[in-house]
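Novice: When we follow this note's numbering, the leftmost residue of the sequence shown carries the number 1, and every step to the right adds one.
If you are wondering where the hints come from, they were derived from the structure by calculation, not from laboratory data.
Incorrect hints may appear among the rest.
Stated by the list, open to error - Distance condition first, Cα-Cα at most 20 Å in a straight line; then the derived EDC-like pairs of lysine to aspartate or glutamate:
no.	residue 1	residue 2
1	K55	E33
2	K41	E52
3	K78	D15
A quick note: this is a predicted structure, and the numbers were derived from the prediction, not measured.
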Amino acid sequence: MRWSHGGYLTEHIGDRLRPTAIGFAITFSGLGETVYGWASKGIWSPDQPGFEAWKPVLLASVAGLFATAGLFLYDRLKPIRSEIPPTTDPTTPELPDETTS
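Let the sequences and hints guide you as you build the complete structure.
Specialist: Below, the structure written as structure tokens:
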């Protein structure tokens with residue numbers, strides 16, 4: 001799943017943010033998966049009597065919906081795909097007020 005994030009970002013994020021976005025997505029997806037695995041196994045161990053598989057699945061679904069809603073709202077406040085004109089020197093970041101001459 002993490003690599004599909006990388007493919008999606010390759011197509012939808014501009015050149016200046018692409019490497020950072022792919023690294024961010026893969027890193028935090030892996031961290032989230034690890035934390036969820038530890039937490040759900042600690043809370044709902046399959047070895048316990050009366051284990052019901054729907055509870056960890058429901059938790060993952062609700063967490064995914066919250067993350068989706070959060071990303072949607074964040075994108076409305078600060079658009080992820082907004083383009084910044086490139087500088088002549090790619091190692092020097094350009095401030096927005098420097099682009100108007």
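Novice: For a C-alpha distance cap of 20 Å, please report whether K41 and E52 respect it.
Specialist: holds, 12 Å
Novice: Is the hinted pair K78 and D15 satisfied, with a Cα-Cα distance of at most 20 Å?
Specialist: holds, 18 Å
Novice: For the pair we were handed, K55 and E33, check the Cα-Cα distance against 20 Å.
Specialist: holds, 16 Å
Hint check: no violations occur; every hint is consistent with the structure.
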